[in-house]
Each structure stands twice: as C-alpha cells, then as structure tokens.
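Number of protein chains: 4
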Amino acid sequence: MLVVMGREATEEDIKRVVQAIEARGLAPHLMPGPTRTAIGITGNTEAVESSGLRSLPGVRDLIRVTKPYKLASREMRIDDSTIKLPQTTIGPKNFTIIAGPCSVEDEKTMHKISEYLVERGIRILRAGAFKPRTSPYSFQGKEHSGLKLLEELKKEYGLGITTELMDSTHAEALEEVADLIQIGTRNMQNFTLLKRVGQLNTPVLLKRGMSATLEEWLMAAEYILSGGNMQVAMCERGIRTFADHNRNTLDISVIPPLKRQSHLPVIVDPSHATGYRPYVKPMALASMAAGADGIIVEIHPQPEQASSDGAQSLNFEEFDDLLKFFQKMGPIFGKTID
Amino acid sequence: MLVVMGREATEEDIKRVVQAIEARGLAPHLMPGPTRTAIGITGNTEAVESSGLRSLPGVRDLIRVTKPYKLASREMRIDDSTIKLPQTTIGPKNFTIIAGPCSVEDEKTMHKISEYLVERGIRILRAGAFKPRTSPYSFQGKEHSGLKLLEELKKEYGLGITTELMDSTHAEALEEVADLIQIGTRNMQNFTLLKRVGQLNTPVLLKRGMSATLEEWLMAAEYILSGGNMQVAMCERGIRTFADHNRNTLDISVIPPLKRQSHLPVIVDPSHATGYRPYVKPMALASMAAGADGIIVEIHPQPEQASSDGAQSLNFEEFDDLLKFFQKMGPIFGKTID
Amino acid sequence: MLVVMGREATEEDIKRVVQAIEARGLAPHLMPGPTRTAIGITGNTEAVESSGLRSLPGVRDLIRVTKPYKLASREMRIDDSTIKLPQTTIGPKNFTIIAGPCSVEDEKTMHKISEYLVERGIRILRAGAFKPRTSPYSFQGKEHSGLKLLEELKKEYGLGITTELMDSTHAEALEEVADLIQIGTRNMQNFTLLKRVGQLNTPVLLKRGMSATLEEWLMAAEYILSGGNMQVAMCERGIRTFADHNRNTLDISVIPPLKRQSHLPVIVDPSHATGYRPYVKPMALASMAAGADGIIVEIHPQPEQASSDGAQSLNFEEFDDLLKFFQKMGPIFGKTID
Amino acid sequence: MLVVMGREATEEDIKRVVQAIEARGLAPHLMPGPTRTAIGITGNTEAVESSGLRSLPGVRDLIRVTKPYKLASREMRIDDSTIKLPQTTIGPKNFTIIAGPCSVEDEKTMHKISEYLVERGIRILRAGAFKPRTSPYSFQGKEHSGLKLLEELKKEYGLGITTELMDSTHAEALEEVADLIQIGTRNMQNFTLLKRVGQLNTPVLLKRGMSATLEEWLMAAEYILSGGNMQVAMCERGIRTFADHNRNTLDISVIPPLKRQSHLPVIVDPSHATGYRPYVKPMALASMAAGADGIIVEIHPQPEQASSDGAQSLNFEEFDDLLKFFQKMGPIFGKTID
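Residue numbers (this note's numbering), protein chains in the order written: chain A, 1 to 338; chain B, 1 to 338; chain C, 1 to 338; chain D, 1 to 338.
Hints in this document: simulated from the structure, not taken from any laboratory.
Incorrect hints may appear among the rest.
Remember, identical chains collapse to one label, so a pair may be satisfied in a single copy or spanning two.
[Unchecked claim] In the SDA-like style, the derived pairs of lysine to any residue whose C-alpha atoms are separated by at most 25 Å in a straight line are:
no., residue 1, residue 2
1, Lys335, Thr45
2, Lys93, Gly330
3, Lys148, Asp244
4, Lys93, Leu323
5, Lys93, Gly25
6, Lys148, Arg74
7, Lys112, Ile78
8, Lys195, Thr109
9, Lys155, Ile332
10, Lys67, Arg133
11, Lys67, Tyr137
12, Lys67, Asp244
13, Lys154, Ala27
14, Lys195, Ser308
Please read these numbers as outputs of a predicted model, since none were measured by experiment.
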C-alpha cells in the first residue's frame, strides 16, 4: 500500500501519517520525491483502506500495490531512483562506469589502475577482497589486507570503492571502505546477508542469481529495501541456459521489463557473463542501448597476469576504445558518461 | 579443407583445382572474395593434404578447417559475407531493416504498409503467407492468396519480399515471389527443408531454433551452403530459458561469438523474442550495438487489429521513432541504415 | 467440446449426432470407449451449447474442453488410450519394450538382433533408415535399402517395426513397412509432417522437442489426432537444460503431469537422453516407476561397432539384465512386460 | 592426491604419513575404509609425487585425483560412503525416508506427526524452524521456538531431526538439536555457511542449487569435506528449466552420474520439485529405481492447513501408500526401507 501525499503537505502532515501507520502495527517507508512525498506501507495492509488514513491532512491518495515486491515496484515510485555515492550518482541521467580488476591485485598494480581511472574520469573502482570461489582450493582473495589497500586508494585517489560482501561478519569492515557494497550472484538469496545490508547506510549493488526470475531478483532487493536501505542498484551478470557460446547468457532482454516493473537503476556486468575479452565491448554497448544505467567491467594493465579472470579483463587500450564508443552513444540515450 | 588461391590465379587455374578436387571424389565450393578466390572442400578430406593439390598452379595455401561446420566457418572465409538481393545488400556496411506485419493482412492494409515503407526508404517487406501455428485450430495464414498479394506489392512498390517456407512442396511457388526465404525456428533442423533451399538461388534467412546451440545453428546453415546456396543470413529470435519476463530470451550475446566463428551476416528479430511492443525498441537498438547487420521487425498501422501477434507490432509512429535512433547510431557502428 | 453418449445409445443415435455436428460446419471425432462412446467436436464451437445438440436421442452430456488441445486431453477421454499394433498393444496394462540399433545395420547384424529380440519375447524392433543428422557430412542412414531390410525382418521374424519419418515424400514407403512411425525431436513442430501422418492409418510415436513445453507437445499430438489418426504415443527423450552431466536431461518428471492432462500413452527413450550406456538402465527403471507405458532403447551385439550412437547402446547381456529388473518391477506397477 | 595404505599398515604407519603430509605444508584427510585406510591430500600437491611419501612404511600407492573435487570424488574413495546418525545409517544398503511438515507446525500437530512416524518405523523427522522465503513479508518460520519443540520431540520419540541452517550464527543452536543439518538450495554456494558446517560434527544434507551443475554441487560438498566434516549427503530437489509443468524439474537423471563421480549418498526431495501432491509418489518411486539412497518428503495430517507448502504435502493415507510401494521395490534394488 502506498500513501501519496499532496504537494502542499507539510512535514507535520507527513509525521502524522507515519505515526498513524505505526499505530496500526504496520511499517512506514518514507519515499521523498522531487515534488511530493510518498509513504510505502508494508505489513498486513488489508484493513488499511477502510481505516481513516485517507482522511488525514495532506494525504492525496492511497494506492494498492499489486506486485509481491512493494518498495521495489514502479507502482510505489513512478520516477527512476538515483543512488548517491560521495563520488557520483547512479541514475537516469548518468551512465556509470565501474572498473577495476576482478580481485585486489598487488599494490603497484592497484596504484597503476587507480591513476589510470582518475585520468579517464572514472569515479568508482571495483576489486574483490573476499572472493566467492567454486573450489575451496582456489585463491580466496586478499581479504582484510585487500580491504586495507582499497581504503588507501580511496583516500589517495578519491575513487569510490565497490567490493563484495560475502559474510555478515565482515559487514562493518566493508562499510568503512566501500561506497557501493556488492552482493554476489551466489548470495542473491542469502536472506541473512540481505537483511544485514538492509541495515547499512551504504548503497548496494545486487547481482542477479544465475537462475533468478525477475520477480525473485526484485524480491531480493525488497529484503534490502524493507530493512531501511533504499539505495539498491540491480546488476545483471548473465544467467544459466543451455547455450555454451559464452560462460553465461547475458540477459540484456531483462533490462526493459526491469525498468518497467521497478524504479531501481540497472548496472550490467559484461565481463563475468561473457568470460571472454573480445565480447565485452559489444555487450557493454548493447547494455547502454537497451536502457542500462551503467556497467561494471574488469580491466587490468596486463590481463594475462591477473590473479583471477584475466581472460575477460580489458587492457587499458581496449577500455579507452570502449569509452570512446560510450562517449559517442551517450547523447543519443540522454546519458552522461560518468 | 580450404584451398586459398593466390591473387594472380587465373580462371583457368581455378577450374583446374576444381577438377582436381572432383577427381578425388570430393565436393568443391567456390567462394569468390574481393581480392582472391578460395575453394572449400567437403567430403572425406583426410588424404587431401598429402595429395598433389598444393602444387597446382595458382594455389597459395591449403587450410584445415577445425570446426564441424566448414563453409559457414570464419576459417573458410575471413571477410564478412554479403547477401545480394535485387533491392539491397545485407552485410557489413549496411544495417538492413526488414519490416511488415506478422501475417499477410487484407489488401488495403498491405498497400498502406507498403507505401509507408517506401516513403521511409525501407526496402524489404516481411509478411507470412504460410504460418507455423502451435495449434491446428489457429489461423494458418492466407497461404497462396497471400503469396499472390505479396507478388503484386513487389511489382507495384519495388519492395523485396521476405516470407516463410514451411513445406518443400511450396519451394517453387515461394521462389517466384520471395527475395529472401525465411526458414522458421521450428524448422531449423528440418533437414529435408534445409536441403531443399540449398538447391534454390534465393537467399535464405535462417532463424535459430529455440534451443539451438551456436554450433547446431551453424550446422543448419551448413546444410544450405553445402547444397550450393551460399546466400544465408542468420536470424536470432530468442531462446528458451527459465526466464519468464519475455516470451523468449533474446540472445543478443550470441552475436559476437557468431561473428567470430562465421562470416555470415546476422539479423535480429526483436518482435517474436519479446512479444511485447514496448520492449522492441530497446532490443532493436541493443542488437545494432552488439554487432548485428539488421533487424526483422513487425509493424502494423493498427496493431490491435492485426490478424496475429498484434501485441508485439510497432505502429508507424513507434517505427519512425526507432528509425530516428538507428539513424543516429548507424555512423558510430559504420552502418548505413537500409 | 465433447458429446458424451449414454450407455444405451445406439449406432443410429451416434450417426445422428455426427450428422448434426457436421451440419453445423464442425468436425466430429469418434472416440469409442469400453462402455460408452464420446464424440469430440473441434472447430468454432461457441454456438454449440445453445444449439439443440444436447436434446438428441442418446446424448447424455455436453462437456466444454478447457485446454487448447482437445482430442489429446484427459477431459475428452477419461480412460487411458491403447494403441493397437498387429504385434502388441501399447497402453495401461502393458509395458512395451521397443529395442534395436540406432540405425539399420548390415544384414547379418540385423538378423542377429532380430533373433535375439524374438527369443526374449520383444515384439517391436527399432532401427532408423532415414537419420536426422546435425551435420550434412555425417552418415544419413541406409535410407530405402534400410527400409527394405526392415521389411524382410518383419516378415521373417514377425517383429513390429518402428522407424523414423523425416520427409512427407517418404510417408507412403514407410507406411508399408512401419507399424509405429516415429516423428523425431527436431520435427516435433514440423507441422507439414504432422498433418501428413495425421492422414495415415499407422500409429505414431511422437518424440518431444528438445525445448517443448508439455502443452506444445500435446498440441503437436493434436495436429495428428485432428487429422484423423487417433493412435499417438508420446515419447520423452530428454530436454535442453544447463546441466552437462548427460547429453540431455531426461525429464522423467513430465510423466505424471502428462498422464494427468492426457489419455495418451508415454514411452521413454533413455538412450538418446543419457548418451551413455551405464546410465540407461537406471533411467529405464525410473521411467516405469514414474508411470511410463514403455521404453524405446538402443541395443547392439557389439556397441563399439555400431554405425551410430554406440556409446549409448546396451549389449545383449546388459539388456538381459534390464529385462530381469523389469520383470520384477512389472507386477508392482500392474504392468506386463511386452 | 590420495595415499592408499596397505591392509597391513599400522596406526603408527598412518600417523607417520599424516605427519609427513603436514610437514610438506599440505592438508591430510583420513578416509578409513572397511579393509584399508586412505589419506586424501589437498593443497598444492604438485611436488608430492616426487617427494619421498611413496616410500614410507605401509604406503601402497599414490593416486592423482583428476577431478577438481577431491574428497568427494569416487577416485578418492571407491566404496559408497555411509553417514551415521544416532538413529540410523544413510548409505548403500538402506533407503532412508525423512518425513515431516515443511515448517515446524503447532505442538499438537507435531506430536501427531511424530507418533505417526514412529508407528511407521520412520526414523528421521524433517521440519523447518528457520525458513528461507522469497518474500521478506512471508512467514519466516517459528525460529528458536521451533528448534525447541524439535528438541522435545527428539527426546520424547527418539526421532532424528533434519532442519535447515540458514545463518552461521545459528550453527551452534542447530548442532544441539539436529542430527542432519540441511543446507538449502539458495545457500548451496554460500561459502561462508559451507565452511561453518565443515567444522561441525553433525552430518549435512546438501541441497543442489537451482542451476548448479554436478561439478559445482560436488565442489560445494568439497567445501564441507575439506573442512573436516566427512558426513555429507547430497540432495536433488529440482532444477530450473524452461519446463512449466512442475515447479522445478526434478533431475532424476543426475543420480547415475553423481554415483559414478562420487561416493556420497543421494537423497531426493520430490515434494519441493513437483510442488504438487499427486506427483510426489511417482517421483519418489522413480528416485529409488534410479539409484537414490532415500527421500525427504513432506507430510502433514491435514495438508490444506499446513502453514507452508500444503499443496505438496502428502497426507497420512498417501504416505502409507507410498511406503507400501517402497516395501515392494526395496528388495529389487537391495535396499532396506528405513
């Protein structure tokens, strides 16, 4: 259920509605918009319509949300969401490029990449400190020492940091470093973890599960939103199908329905989906054309020496070429490359 | 196996190599290129390398083709293929737009659509006369009367015609009307039909089967190519996956690997894949960005009155808008809209 | 729409109803049952209910069929269908074992297999004369000479013959030899072919398409049934999924829903699905436990010398072992091995 | 790498080998067998072969394990594993039936179910205290009060308890109650959780992820095994495919390859896969026929009143009927129903 406040509604009016919702044993969720405020209600809302809520001062309308996801739904919020990081904004006007190596590499390499990104005007660095690996015998990331290096880079270069949270017990450590916390594919329905990031103040990049339907993916976002963290960006990274020409099948076709059903921004990961460097550029460009709000892409000065996923990392020259294309395409789609 | 002729090779040299191949009980396939000719060899080529073929005049190289598809392979032909229709050319420099209703509609509507297409500079009209329908009780198309109407439109408007061949017994009737014969998804491995169109002189648009791997799809093309019809364009139209947000999952990610493995052009069908009008435009644009050579798209002056698939047909206004975007994007990708 | 006749209805009554249906421009389909007759009606049945049909002598009830498939539906026919071959019956009381090599082998081998099958009490021999092959360069079967050999074996050993029809033009030739005509996976939606076998008097084994839903598969059966050939057995042979541990994923779980929705018998092909000999037995046994009415299984005296698909063919010893298990399981499931 | 000890090897010999492995910076994993002991080695085993390990007293052989999973591999352990619970044993001779409601129900119902199971000779009760739910607004289980009730039932009826662990922080609480800890589908690659249960002494039931390949599933088991917990049973519960006739596609065909590649026992969950009561029995029986070592099945005295998943729960009469079939089939497959 959604309470839409009139443009004339005062702070006082809003506070009164919030209290009235709580008095009915339900949870209010403030959704401030550019011209008016809406208040989402979750819980057992059956009796709300016939209650006196509609007649409170400032209330313009009560709208029933038909989807199982509520706060993530376009019904709840007609305008596209924007996600505010200290370094930039993810949302309808921007095309956000998040770049960096798969895993945190050695200090020298990380500085080299950071310098390069700053030179190119890229504002968010990606790099995994904790790595989810299929095999217990594989390299599991640099862990806390990786986080520490990311923190230093953030200070020195002013870059925003995106890195993956795999374990609730690391949530606080990550919150200090990350500007955008990534929830990985394999954890999309790790509800414990979703609830935990729902309590953080840091924006979240929620990767789609390998076989998640659009509804399940939005329900996973709902876990975070309903916990109070309204800053969620969705990340498409390839799904499991019978097709064997790519590592995964990048589901670019999910972007228009996602945009239709939800106000949340969409970032595409062309690197993990394709698993192969020459396919990254066409998939990245197709993402913009399909309506995405950005990409998260793996780059490395010497991909063949990367500690993981070198085969899918762009080198600097290839990344420069990709940027050039984005610069040309951006104006057509009303997007500033950022 | 591929015989690459030197630039200096004469007609006589080529003829001699062809005869030598035939004399060994194998099938030669002439593949003329802009600067030199290649001759594909299919059959049991095991003994070819050690035979004297390499030492014939004009022969520059013998290349073993490692893929199970030979004539469709990039190894056989390094340059992108072009497909020549009387009205236009499908291939690397062009972005070909094929448009029209799902099924052949009534005369008045078909004239309206044809006039509109000519006005917009579109050169190929699509419309099904024979329709493959899941149910035996559904409308099966206008059949021969539909073909006849298409022939009239072709004469009156100079439009090229794309229409589906479902049955070998209609091959000759279709050949008289169609400039590009469509083989539908459900017939991608109807080998009888593939062999039949392999004997025609009309170019073929080969739709991908709903669960065809890239290799199977190229093997289906190989059936046509090995029959002697070297004019095949591949058409991606969505695959079967668990995802339920679209009718099918448009596999835009197949374009780069297809281009890497094969020299054949790729056309994308965003209408059947999405099944929903608002998703057609973003998927069409993403196709160009991913490297496609064109689209085949359903349009109708009044989609809600179409005799089939109205929900996915663009109206004229929507199609105009799509064209505008293509016009802007074309130069970035080195493509002339055609 | 279904007209259910009373037990007391005479031949005359039935004839009168059939005529009344035809007089309304609709198609009647006689469905004789053990105690009473039903008459399916297809066509535009909207006005039937309010017409006088219900009041004709002998008519007990008029039932609206809610599924898009009508004649294939359990609503049309409550009892399980049986399919009558000269050599045996496929249906609820029997568990039919169809066995033989993938392709028709040389004469000596075919006689060896036939003798063996007769000794074991197996009544139907399978062997492909026309083979659908992914590659145009692969062995395409012995074709007409293969058919001829099958005809000889049929005469000599009294075995029923199952073989695949790939091309409408071979329909008559096959009809003379085959007791059960197989429509292959790749042709499940070759509607031309379906319509053709709908006109034959020979029972049909309809393999499921690699990515066919249950509804599409039943709609394909409906094409055959609505053409007048009421003898259709469904054949599950594995579907396309992401899983890579088998060639295809044998969808044993489709059997209960199929039985619920349709009266048609189900045969399982564990050979093509698994592609690997040691997996054939457990999958065959699981099929019986799940409710199948039989299996079609590849056997060969020396699998490693088979002209195709040797890796999945059981040798005689393995087949004997499988039979022993079926003999033990049969009584539990009320099935006679046949 | 695997060290196979001779039959004559003493405790002292084994201890010496273990120490030698540790001295090389690698991890030894004791795998006692009926007649001889093997010692798995994980870590960077490249240099092991040329080291002196092979010449230590009691060592019979050194075997290189070719699969990425080591301890889970059939190469490491030729004999089928058995998992010992206080109440019963899961493994090659038994067919273990785990039954109970989806979620812990009210006290009265839980007692009723427990009494019933004891009467029928069933030894393990399943019931979820913590429930993974797609929606944050759905019932999340009775949580700790549910665990407490399970503990009481265990004491009163002597039943083993299977319940799901969703969160590492509950591991200790669950360990006190559960005899078999379930890791759910959505957590199959929650590596944090896998590592945690790897440190427990309680056996683990590892459900397959919805789109997990066999290798990924075994790698997930490897996380647990390599942590030191050698008691893992694999649970197939349906995969994501395009098919829509069941909630998920129960992949019975994974059982033979799993048995071939691994020594771990396999339990099948026919309830979650089908989501529909009438399909549970045929799928359960097919599982035994395909080689499974047991099932985990939902039952409820009044399924229509279950607090979750009533549509797929068997009532007592249906469960009795299922047991009767298992009793008949067991001897054929060398399995005692337990």
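Here's how the hints hold up against the structure:
In this assembly of identical chains, Lys335 and Thr45 lie within 25 Å of each other by CA distance neither inside one copy nor across copies; the values are 39 Å within and 52 Å between. Proximity of Lys93 to Gly330 under the C-alpha cut-off of 25 Å is found in both arrangements, the shortest distances being 10 Å within a copy and 23 Å between copies. Taking CA atoms no more than 25 Å apart as the test, Lys148 paired with Asp244 passes in neither setting, with 38 Å inside one copy and 40 Å between copies. In the homo-oligomer, the alpha carbons of Lys93 and Leu323 lie at most 25 Å apart both inside one protomer (17 Å) and across protomers (23 Å), since each shortest distance falls under that limit.
With identical chains, the CA atoms of Lys93 and Gly25 are never at most 25 Å apart, being 38 Å at best within one copy and 54 Å at best between copies. For the identical chains of this complex, Lys148 and Arg74 are neighbours neither inside a copy (38 Å) nor across copies (42 Å), given an alpha-carbon limit of 25 Å. For the homomeric pair Lys112 and Ile78, neither the shortest alpha-carbon distance inside one copy (42 Å) nor that between copies (37 Å) is at most 25 Å. Taking the closest pair of Cα atoms, Lys195 and Thr109 never come within 25 Å of each other, the shortest separation being 35 Å inside a single copy and 31 Å across copies.
For the identical chains of this complex, Lys155 and Ile332 are neighbours neither inside a copy (35 Å) nor across copies (37 Å), given an alpha-carbon limit of 25 Å. Within a single copy, Lys67 and Arg133 get their C-alpha atoms only as close as 34 Å, which misses the 25 Å cut-off; across copies the closest is 16 Å, which meets it. Taking identical chains as interchangeable, the C-alpha atoms of Lys67 and Tyr137 lie at most 25 Å apart only when they sit on different chains, with a minimum of 12 Å there against 42 Å within one chain. Proximity of Lys67 and Asp244 under a CA criterion of 25 Å is satisfied inter-copy only: 15 Å between copies versus 34 Å inside one chain copy.
In the homo-oligomer, the alpha carbons of Lys154 and Ala27 never lie at most 25 Å apart, since the shortest distance is 36 Å inside one protomer and 38 Å across protomers. With identical chains, the CA atoms of Lys195 and Ser308 are at most 25 Å apart between copies only, with a shortest distance of 22 Å across copies and 29 Å within one.
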